[in-house]
Amino acid sequence: MLLGACSLIAPLVVMLVYQRHVSTLNQNEMGVYLDHLRTDLAHQENIWDRAADQVVSVIEWSGLVNESQPERDARLTAFFIANSVASSFSGAKLTRSSDGKVLYEYWATDPPPIASTVIANVTLWLDPHQNTLYSSYAKVLHAQSQGLTLILYRPWDNATLKAIGDPTVTKFMLLDRMPLLSSDGPLSLKTLQSGTDDYQEFDTHGSRRQQQGFVYKKVTDSKGQQVPIRFAIQGAVEYTVPVMVVFGLSVGLCILFGALLFMTVGRWLGRVGARVDYMAKAAAFFQTGDRPHCSKEIRQCLQAAEGGRNDQIGAVTRELGSLMEMAVSHDAAQKTYLNTLELLQDAVIECTPAGRILKATHAWSRMVCLEDRELGQFSEVVVQPDQAILFEQLRLLESENLPQVTCRFRIKQSRTTGEDRWLEGRFTQQNSHIHGLVRDITHDHLQEQRINHLALHDALTDLPNRTLLTDRFEKAIAMASRQKRQMGVCLIDLDGFKAINDNFGHQGGDRLLQEVTRRLSLVIRGEDTLARLGGDEFALIFNNVQDADELQSAVQRILSSLSQSFDIDGQHMQISASIGVTLYPSDDADADTLLRHADQAMYQAKQAGRNRFCFFDVVLDQNIRVNMRTLERVREALQHDEMRLYYQPKVNMRTGAVQGFEALLRWQHPQDGLVPPLNFLPQVEQSDVIVDIGEWVMENALRQISSWSEQGATWPVSVNIAARHFHRTDFLPRLRAILERHPNVSPRLLNIEILESVALGDLDAVCALIRECQALGVGFSLDDFGTGYSSLSYLKILRADTLKIDQSFVRQMLTDRDDLTLVESVINIARLFKIDVVAEGVETADHGTLLLRMGCDVAQGYGIARPMPEADTFQWASRYLPDPRWTQWADVEWEWSDLPLLMAQHDHEAWVKQVLLAVEGVPLAISGAQLLDHHQCRFGHWYYGPGRERYGHLTEFTDIESVHEQVHRIGPAIIELQQKGELEQARLLCNSLLELKHTILLRLDALQESVITISTRQAVCA
Amino acid sequence: MHKCFFRLFVVLSLLVSAGNAFGLQSIVLAVPGPGSLVYLPVQLAQAIGADRAEGLDLKLRYFAGGPMAMRDLDNRNSDFAVVGMPAIASARADGMAVLAVGQLSQVAMVSLMLRSDLRDRVKTIAQLKGMRIGMNSSTRTARSTSQMLVEDLLARAGIQSTEVQFVPTGQSREAQRAALQSKTVDAMMGDEPFASEMTRSGHAILLADLYAPRTSASLLGGPFVHAALSTREDVFSGHPETVRNVQRMFDRTLQWLAKHSPSEVLDALSKQPGYDTHSINSTLPVLERNPGMYTSRLAWDDEAVAVTERFFLSVASDVSEKRLRFSDFVRTAP
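Residue numbers (the working numbering), protein chains in the order written: chain A, 91 to 1112; chain B, 55 to 388.
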């Protein structure tokens, strides 16, 4: 069959190679033809050029062009006709050389459309109508006719092609891709293949032909574009020997060769095959038999295969015999080795990576309690949980290419003892199988487990000890974090356990602990961890707690359970428990910290009366930490001189004199810049650092007073002293010491400000301390007066030198009548007790004006000056001028009954301001009635109420009403425009409103002037 | 469903038909002319669309005479030619592998003109001895039919061809007039309608006129194969179907010619080159005067072939022509 296939394929290959070879030869031959054609074309053009020269010579010689025009034309025509056959020029033009004008023209056929003025040097020209290509030859006539040029036209035709190049090949001329001429005639144009420039072979009319071409020249077509003129040649593919003959010969040769091969090699192969067959039989006997050393059949087969020859087959046969002998001896040795292995207690096994046991010593059957020689699979004998471990190790052995792996696994319960047996296997891989040594380690394993348990559990209660608790704690935290769940941590301490030990002895105490453990185990869930930390301390981890309430319920159950009496060995014992609880991750800390937090909470529970539980307060803890850090940082700031004193002046608004300064603490923080006191003082108020701060302030205030004194200014300075500082028993001696360190400063220039609330603590002690300080000359002020709840009797007892009205009241008094009343009351109280009063929070001149009219002359606030560094104080004081309005009313004392008049002015200003703000988008803060009705606004209430009653008789008062009514017409109009969105119109009306407001204020001023004048007059009369 | 298939079939059939109409086979044919009366059926075939009727697109190459047309055929510029039968024989004797495959006329259509200024000196053909006689074409190796007929006329008048000088004058009115005006020739073999035009314009007078079938037959001894269809041997053997189509085209044309009056024929030819009003006016009387110049089918008339063969052998100029037998190259169909 193979021979047949070769006989068929080989001739085909030979035929294809032959065709390829012939094609290559022909391709080369076509190249030669093309070269020949190119050369011949050039040669032919040269011939035609010479022919043209000859025609010109004849014309010149015969004098044809010297005749008169009609005679010349007739003779020239006759000449060209007579010579047309010989010359093969089909057209001629006689032109004047100077301008190219055509004087005469001859065409053998219809004249092609050649331009009358001919470009003489054009050598190729295309007749676009007939698709005929002409070669033109321009020749100057020299002899008798000066200045004449004769142009001769020779058409390219099939005959031209036939005449040039190799006559045995067909030649084609193409205008770009359009066939024009064929040397075999027009009908043969059909055989021209596309892609003329490339070599190609094709079949036509049953014969195989070849074709190749080239670009000859370029010619201008009818569109004026340069178009290539191509030549292509076509010829038959010549086979020296026909292809089918080659194929036939190849087939014949193959068959002949095959027959010879069969007759010679085939017989030899048959003999060799028979010998090899004997070898195979011998091997088969050896394999199937019980491997007796060279049985009769084997020997006979080997002898037949050897055949008494010393060739290679004979050698292989002898080697096979030797190999069989070696195999037999190897089997014997192997058997001996296996017998030895059978003596071992440990099992030697061979298995697949999938766990199927292939071979095993008898010890394996004993271990797994199988029948002798019963092997089974690991999955049948290894307990379920350990199968995964074992198979994973076997997989690793193969996938990770490990030298060996060791693992422990249990086999299913012994049929005799009913207990699991622990085995340890050490496995290694050889080829595709796994070999292992398996040992029974049940006894050793149990021993290890026992030791481990003792190391991790409390001996008395068998609960996890601290070591195991820590491990489980870490796992519980990790799991809670991973599963986004909460975890409760409890620390339980038994109340009264010491008494139990004392009364019932340690044995009784131990029994109680065991009973406590039992009760606790009953109230917790299986997933929770109960551990004994030592003594009477237990730790409890509640995994997966929903919320604090659930944890609280669980802890409550524990308390309830432990508070019930214990009856142990007939003894009645009663204890309780204090439990500290913290909840992770609300308390996001590590295991140790969580236990510590629980311990803190447990301590709080003990402190709170025992038999209860306390939750660890995370926020409080964090605040404490922050406060501690701040405290430490402030202490460092004091040490590093980062604290600064800023001074806010107190002035007498009536006189414009500077009454003193209040020293205000600032922290020049290296990173945060200037830090206000509210950012750090609250954190240190409850520590002794506040004492250091207070003393530092007093020291620096005294130093500043001294400095000002040296510059000629005597300004008292008030300092703020915190309650903790003030309440210290050593406050007075330390104050005295400070004063002594500044002997050149009068203590009277130091004023201590304490909060009203501070003074309310221990009234007697405070009062005594104030008096002792006053005895030293130091003044006292009650700061933020009005915010506490002091009674008039307290004020009388304290005998403070100054009351400082809290800035919150002062700031709001222009808009809030209650605050105004309060401020007025404080001023009256101070006047009553002959105590100086200072108003804080004066932010505008209006605040100051009102305070002045109410009788409070001294004030401080942003309206006067902001706190400033000590370096700026002197300069500020030298330039300070009080507000002109304060000066205006400086000499006037207002009656209280006239104060509403002052308030009315502010009410009106506030009303106008609300309307203006509404235009800018701020919600209107007055009611509709207040907006529309001029009786209902606060100014209207005053005007038509107490105002009319007191000042109704004055023309300055009555003049106000009409303007006020206008205000209440324009105000609603503005709001209406704003609500329609016509903001520009609203803003225009605002100007009118402001003018009206100004008018009212002027008339109020006039009214006030009038009132003052009347009052003064009445006083004088009185 | 069936309707859809039927419509599809109709559309495909129409497309195939349209493709065939556009897929005409281009045929290049060499012929003396244009406007020559001898070869009128050639231009008529084009004029009446006989070529398209046979799936051909006939392209004509015009020459001054038969020898040049035969040379064009031999040079493979054309694949067919319609020339005088003697010219075919001459070319065959000259070694060209050409065949005659159809007869188109049965009269020796030639006349002999004398330049008019010689009318007093020359009264008979015999007086042309030593003069230059214009022929429409001539080659050194192959003579035109006209030349052979003139030589025959001369021989009958006792003048050997070597005793006159033959000058090619071309196959156009202008060329022939120029030859006469320039006195390049003294006499001229004339094809119609040029001969009539020359005599009418006064450039020449007629010495002999063979257009009348009776005159021709009486002079030559029977019908004469003047115009015949020729092709090369390689075309005849390599493209037999094309040859048959061309034969059918001329057969169709000759039948049409036989059935239509001279004026209808000339109407059909009015848009062909060489058939301007002047030519038509000259041709019409010749056609009307001489009916039966053309055969009615493209079929060989054995008598005409024999007469023509005898004529050719009588004017044969060399051994090769004398040995030639018409049966060597006359074929009916491939």
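Keep in mind the hints are simulated off the structure, nothing from the lab.
Possibly wrong hints are sitting among the right ones.
[As the list claims (entries may be wrong)] Beta-carbon label-pair distances, calculated as ranges: (1) A:K280 <-> B:R379: 30 to 36 Å; (2) B:A360 <-> A:K280: 50 to 56 Å; (3) B:G212 <-> A:D189: 42 to 48 Å; (4) A:K308 <-> B:A107: 37 to 43 Å; (5) B:A107 <-> A:D139: 55 to 61 Å; (6) B:T178 <-> A:D139: 47 to 53 Å.
[To be verified] Each computed EDC-like pair below joins lysine to aspartate or glutamate, with the alpha-carbon atoms no more than 20 Å apart: (7) A:K280 <-> B:E228; (8) B:K113 <-> A:D217; (9) A:K565 <-> A:D731; (10) A:K280 <-> B:E287; (11) A:K1087 <-> A:E862; (12) A:K588 <-> A:D689; (13) A:K252 <-> A:D125; (14) A:K588 <-> A:D659; (15) A:K371 <-> A:E387; (16) B:K237 <-> A:E161; (17) A:K308 <-> A:D534; (18) A:K252 <-> B:E287; (19) A:K588 <-> A:D657; (20) A:K449 <-> A:D534; (21) A:K502 <-> A:D552; (22) A:K1003 <-> A:E933; (23) A:K252 <-> B:D174; (24) A:K1003 <-> A:D981; (25) B:K237 <-> B:E295; (26) A:K191 <-> A:E161; (27) A:K696 <-> A:D711; (28) A:K229 <-> A:D130; (29) A:K280 <-> B:D330; (30) A:K565 <-> A:E514; (31) B:K237 <-> A:D689; (32) A:K280 <-> B:D174; (33) A:K308 <-> A:E291.
[Stated by the list, open to error] Residues from chain A that keep clear of chain B, each with C-beta distances beyond 10 Å, as calculated: (34) D163; (35) A164; (36) A168; (37) A172; (38) D247; (39) A249; (40) D266.
The C-beta atom is built at its ideal place from N, Cα and C for all residues, glycine as well.
Which numbered conditions among the earlier hints are violated in the structure presented, ordered from lowest to highest?
-> When the structure is compared with the hints, numbers 2, 3, 5, 7, 9, 11, 17, 20, 21, 23, 24, 25, 28, 29, 30, 31, 32, 33, 34, 35, 36, 37, 38, 39 turn out to be violated.
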